[in-house]
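These are the residues of each chain, in order.
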Amino acid sequence: MWDGIGDFLAMGGHGPWVWGSYGAALVLFLAEVLLLARRRQRVYRMIRRRARAAGMSGPSMNEGGGA
Amino acid sequence: MSARPRIRWFRFSSPPAFHALVDRLVPWLWGGAALLAVAGLYVGFFVAPPDYQQGNSYRIMFLHVPTAWMGMFLYLLMAIYAIIHLAWRVRLADVMARSLAPTGALMTALALWTGSLWGAPTWGTYWVWDARLTSSLILLFLFLGYLALHAAATDREKGGRAASLLAIVGVVNVPIIYFSVKWWNTLHQGMSVTATDAPSMAPSMFAALLLMTLACWLYAAAIGLRRAQVEALERSADAGWVRRVMLGETDAGTGQHDGDPGSAVLERGRH
Numbered sequence: 001m002w003d004g005i006g007d008f009l010a011m012g013g014h015g016p017w018v019w020g021s022y023g024a025a026l027v028l029f030l031a032e033v034l035l036l037a038r039r040r041q042r043v044y045r046m047i048r049r050r051a052r053a054a055g056m057s058g059p060s061m062n063e064g065g066g067a
Numbered sequence: 001m002s003a004r005p006r007i008r009w010f011r012f013s014s015p016p017a018f019h020a021l022v023d024r025l026v027p028w029l030w031g032g033a034a035l036l037a038v039a040g041l042y043v044g045f046f047v048a049p050p051d052y053q054q055g056n057s058y059r060i061m062f063l064h065v066p067t068a069w070m071g072m073f074l075y076l077l078m079a080i081y082a083i084i085h086l087a088w089r090v091r092l093a094d095v096m097a098r099s100l101a102p103t104g105a106l107m108t109a110l111a112l113w114t115g116s117l118w119g120a121p122t123w124g125t126y127w128v129w130d131a132r133l134t135s136s137l138i139l140l141f142l143f144l145g146y147l148a149l150h151a152a153a154t155d156r157e158k159g160g161r162a163a164s165l166l167a168i169v170g171v172v173n174v175p176i177i178y179f180s181v182k183w184w185n186t187l188h189q190g191m192s193v194t195a196t197d198a199p200s201m202a203p204s205m206f207a208a209l210l211l212m213t214l215a216c217w218l219y220a221a222a223i224g225l226r227r228a229q230v231e232a233l234e235r236s237a238d239a240g241w242v243r244r245v246m247l248g249e250t251d252a253g254t255g256q257h258d259g260d261p262g263s264a265v266l267e268r269g270r271h
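Top to bottom, those sequences are chains F and E. Just so we're aligned, residue 1 is where the first sequence starts under the working numbering, counting upward by one. Just so we're aligned, residue 1 is where the second sequence starts under the working numbering, counting upward by one.
Chain F on its own, in the form it takes in the complex (with noise of 0.2 Å):
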């Protein structure tokens, strides 16, 4: 169907718009999987960091915390 790569990046003259288009998508959905993907270790490393800190001052601690 293509003649090509440059003939399928051309798409026939409507290549800034198609692409525009995929790589917005590709750029939007990247950031949104990484951005949580890092919220979620930070969430990770507050919860061991909290569970540490509880433990310590806690009465009832005798097996070494978390992480």
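Hint data in this document are derived by calculation from the structure and do not stem from the laboratory. Hints may be right or wrong, so weigh each one.
Sample of chain E residues facing chain F (criterion: CB under 10 Å; computed from the structure) [stated by the list, open to error]:
hint, residue
1, LEU21
2, TRP30
3, VAL38
4, ASN56
5, ARG59
6, PRO102
7, THR103
8, TRP113
9, VAL181
10, ARG226
Just so you know, even glycine gets a beta-carbon here, dropped at the ideal spot from N, CA and C.
Using the hints provided, position chain E relative to the given structure of chain F.
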């Protein structure tokens, strides 16, 4: 009839059960979304022929239509969770609604962006203030307004309730978007796919559209559930169940009791 397996759905409104469910589901949802997207892009770019009028610019449809549908669908889902949140004060419903909003905003923004880039070569303009485009822009603002309300209040409870109220009021906008191309004269083309008529496009085009729509669905489910899981952990970081599921601590080891109030915090707002 009695042999039908009964799924205890209410079990999953318990935070630890929800946490475990998300961990089990999300890898499959990611895998499915990736496979369907690859298949959809392949069919969309290498099988579906150019459109006889629009040439190749119509291939934007495979992104534009699924993201537009997803934006509306996520808004409806968010509003349903907002109703559950306000009517029964189920905090997990607020967590769900809050977790769908960013993805809904992203889908709507993408629908607007791709629509604009499709409009340029097709209509000769990036934007017109007609019914469908304007109501879609309002949908984006509703998502952003919801998120802003949630974030603005110092008291998370109050912010969540105000945001839920906005989500419910804003739901009138969804049928306006959907039917705008029927109700008003507009530059936007009519519905490409309806429940009653056969699709008005080549089968390969329809297949690509379907695959991309399913990919968007699974993506939104994966990211929405994962965000809800993280949000729930964040909101009750000190609760006993969080330490138990995250750190594998036992009740005996931490001195926590099973009935500690932390594990009920997410389920009910009323104290």
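Verification of the hints:
Hint on E/LEU21 is violated. Least Cβ distance to chain F is approximately 16 Å, over the 10 Å limit. Proximity of E/TRP30 to chain F holds as hinted, the smallest CB-CB distance being about 9 Å (cut-off 10 Å). Checking E/VAL38 against chain F: minimum C-beta separation of about 13 Å lies over 10 Å; hint violated. Because the closest C-beta pair between E/ASN56 and chain F is about 4 Å apart, less than 10 Å, the hint holds.
Look at E/ARG59: its Cβ gets to within about 6 Å of chain F, closer than 10 Å, so that hint holds up. Interface hint status for E/PRO102: upheld, as the beta-carbon distance to the closest one in chain F is roughly 7 Å, under 10 Å. For E/THR103, the suggested interface contact is upheld, since its CB lies about 7 Å from the closest CB of chain F, less than 10 Å. A least Cβ separation of about 5 Å between E/TRP113 and chain F falls short of the 10 Å threshold, and the interface hint therefore holds.
Taken as an interface hint, E/VAL181 does not check out: its beta carbon lies about 20 Å from the nearest beta carbon of chain F, beyond 10 Å. The interface hint given for E/ARG226 holds, since its Cβ lies 6 Å from the closest Cβ of chain F, which is under the 10 Å cut-off.
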